[in-house]
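S.K.: Chain A is already provided as a structure; the job is to place chain B on it using the hints.
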Amino acid sequence: MNPSEGTIRVDGHDIVSEYRAARSLIGLVPQELTTDAFESVWNTVSFSRGLFGRSPDPAHIERVLKDLSLWDKRNNKVMTLSGGMKRRLLIAKALSHEPRILFLDEPTAGVDVELRQAMWNLVRRLKAEGVTIVLTTHYIDEAEEMADRVGVINKGELILVEDKASLVRKLGKKQLTLHLDHPLERVPEALAGYNLELVPGGADLVYTYDERGDRAGITALLQALPQAGVRFKDLQTRQTSLEDIFVTLVRRT
Amino acid sequence: MSGLNVHAIRAIYGFEMARTRRTLMQSIISPVISTALYFVVFGAAIGGRIPQVEGVSYGAFIVPGLIMLSLLTQSISNASFGIYFPKFVGTIYELLSAPVSYLEIVVSYVGAAATKSVILGLVILATAALIVPLRIEHPVWMVVFLLLTSITFSLFGFIIGIWADGFEKLQLIPLLIVTPLTFLGGSFYSIAMLPPFWQKVSLFNPVVYLVSGFRWSFFGLADVGVAVSLGMTCVFLAATLAVVAWIFRTGYRLRT
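Chains as they are written, first to last, in the numbering used here: chain A, 12 to 264; chain B, -10 to 245.
These are calculated hints, taken from the structure and not from any lab test. Being a predicted model, the structure only gives us computed values, none of them experimental. Treat the hints with caution; some may be incorrect.
To be verified - Derived pair list, reagent style DSS-like, types lysine-lysine, alpha-carbon separation capped at 30 Å:
(1) A:97 to B:76
(2) A:185 to A:175
(3) B:189 to A:88
(4) B:76 to A:166
(5) A:77 to A:138
(6) A:88 to B:158
(7) A:84 to B:76
(8) A:138 to A:175
(9) A:97 to A:84
Unchecked claim - Label pairs and their computed distance ranges (CB to CB):
(10) A:28 to B:78: 29 to 35 Å
(11) B:92 to A:15: 41 to 47 Å
(12) B:164 to A:254: 51 to 57 Å
We treat Cβ as the ideally placed atom computed from N, Cα and C, and that holds for glycine.
Pulled out of the complex, with its shape left as it was, chain B reads as follows:
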C-alpha cells in the first residue's frame, strides 16, 4: 500500500456519518428545535422591541448568529465525541494499529464532523427562511465562512476529544468558554449597540469576527472589516492545525 489510504478515510468517514444517522434526533433535530426556540424567544419577544438593526429586521438579523452558534457548538461536540468515544471504549487500539497516517485520521474525523455541521447549518438556514424573510448577498462567501468555521471548530473539537480524559472535560470548554463567547460575540446584537468600552473588549472575542463575517455575507453588514474576519478565521484554523500536528508528532494522550 502506498499513497493515501483512501479506503481507511472512507471507512472512518462512513462510520462517523452512520453515527449521525443513528443519532439523528441528537445530531440534527435537537439543534434545529433549539434554534427555532431562539427565533421564538428572541425574534418574537425581543424582536418586537427592536424592529430593525441597520435596516434588517431583528428576526433576520439574528439568523447568521444563530447558525454560527449551532455551528460552533455542534462542530466541537461532533468532533470531540468522535475521537473521544474510541478512546473511552478502547477501540482506539484498532485505529492506532492500522496503516493509517495522522493526516488521514484528521481528514476523516474532522471531515465527518464538519460535514455534519454544514448540513446542520443549512438545515437551520432553511428553517429560518420559513420563519423570517432572508436574503444572502454574498452566497459564495457565506459558504466559505460556513466551511472555514465548521472545519476550524471541528479541529478544535478534535483537540478537545484528544485532551479529554472524561466526559466532564469533554463538556468543560464548550460550556464554559465557547458558549459564553458565542453569546457575547454579537450573535444576537450588533456590537455597535454596546457602549464604546465594551465594543473594544468585544474585539478580543474571536467569535465576533466569525459572526461579523458570516453576517456580512447575508446582509452586507459587518461589525469589523470582512478581510479582518476572514484573516482571523484563517488564523484560528492555522492555530488548530498546528496543535493537531503537535499532538500527532508527540503522541500526546494517544500513545502516552
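So here's chain A without its partners, still in its complex pose:
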C-alpha cells in the first residue's frame, strides 16, 4: 500500500523517511500461514534474521526455536510441519531479529486450545521482557485477558484506543441479579425508583448500577425488597465484559 497522507512514527522514527530504523524494530506475524515450503526450519528463521539486518547469531535462533518447541524440527523442511508448527515458525521468524514491537495478526485464529495457551504464555513472557505487542483479534476475551490498552476498529476506522481498565470503568456497568422465591408479573410500584428489570418469566430481577456512582444503592434496594414483599433465594453480580463494551461501541458508530 502506498501512503496517502499523515505520518506514522515507530519509537520516533518515521516509517517512510527512516524506514530502516523503524522496520528493524518491528516483527510481524501474518494471519495467513505463508512460509517457504522447501527450506528447512533453521534456514528460514536464519534468513529472516539476515533480512532484518542482523548478523548471524545461532545461539539466539536456537533459543527462539526451543522457546517455540521447534528445536527438534530445525532440520525439517517447512512443508512437513503441521499447521500449528507453521504458526509457531512464523512467530520464530518474527522474533529472529529481536524486535521491540511485535505485531500478531490474529495468531490464534483456527488453532487448538493447547497451542493457544502456549502462545499466550509466550506473549506474556515477551511482554514481561519489555516487548510491545500489538495483537489483532476477533476474540475479545483474549484482549481482555492480555491487553493493557485496547483499540477498537470498526469498518476500517480506529474508533477508540484506551487503557483497558479505564475503558471498563468508564463504559462498564455492573448488574445484580436476584433469583426470586416466587415469580413476579411486574416490578412492584414500591421499587419503581430503582433501575430494575424483570427477566421474562418473572423469576429473576436484574438491577443495573454504575459502580462509579457515589452510591450504588444496593443496600437501600436490599432493604426495600422485603418492604415491597419481594423475597429472593440467591443473588449474583456480573461486570460488563470487554465484549459487551465492544458490541455497544460498534453499534453506536
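M.R.: Frame of chain A; chain B shown alone:
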C-alpha cells in the same frame, strides 16, 4: 542501521543460491543436457552439410549462440521465478516489511539469478569444449558479454516476475518472444547466410547484437560491429534498469 543492509543482501542471495542447489537438476543439469542435444542435432546432423562458417567448424560456430540461448532463457527464468514465488506463496510480506532498500532487493535477486546464469554458461562452455575444438580470442570480452547479458536478462526476468500474476504469464514472454528471437537471432547461423531483405529485418532483433558480440569474443567473427553489439547490450541494460526503478518508485504489482 545505516548504509547498505549487507546482511539482507547476503540472506536473499544465499537463499536463492540454496534454491539452485536444491533444484540442481532443473537449474544446471537440464540446460546442459538440452545444449548437448543441440550439439548432437545441429552439430552432427546439420553440421555435416555445413562444414565451415567463415573458417570455423559449424559445431564450434554454434557454441556462442547456444550459450547465449541458455543464458537468456535461464536468466529470465531464474530471476522471474525468484521474485514471483514469494508473491505467489505470500512470503513477499516479509521482504516488504524488512529494512531493505529496493536497490538491495534488486542486487540480491538479480545477482543470484545472474550468478546462476554465468555458472551455467561456463558449464555449457566446458561441455562444448569436450565435444568440439574451441578457441576464445578475446577472453576478457567474452566474460564482459557473459556478465552483461546475464545481468540484463536477469533484470528483464525480475520485471516479468513482478508483472506476472500467474504461472502462465511467467512463461508467456520467454516462450513467445525471447525463444523465437534467440532462434532467429543468429544463434545457429550467420545472418550473412540470409537473403539481403532478411538480413535487414534481423537487425531489428536485439538478440542478433548479443550473439554477434559474444561470437566475436570467441572467433573474431561478427555479424555487426563489436562496438554496436556492446552499445546495444548497454542500451538493453539501461532500459531494464529504468523499468525496475519505475516499478519500485510506483510500487507496481508490489504494493498495489
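S.K.: Honestly, which of those hints from before does the structure not fit?
M.R.: 3 and 11
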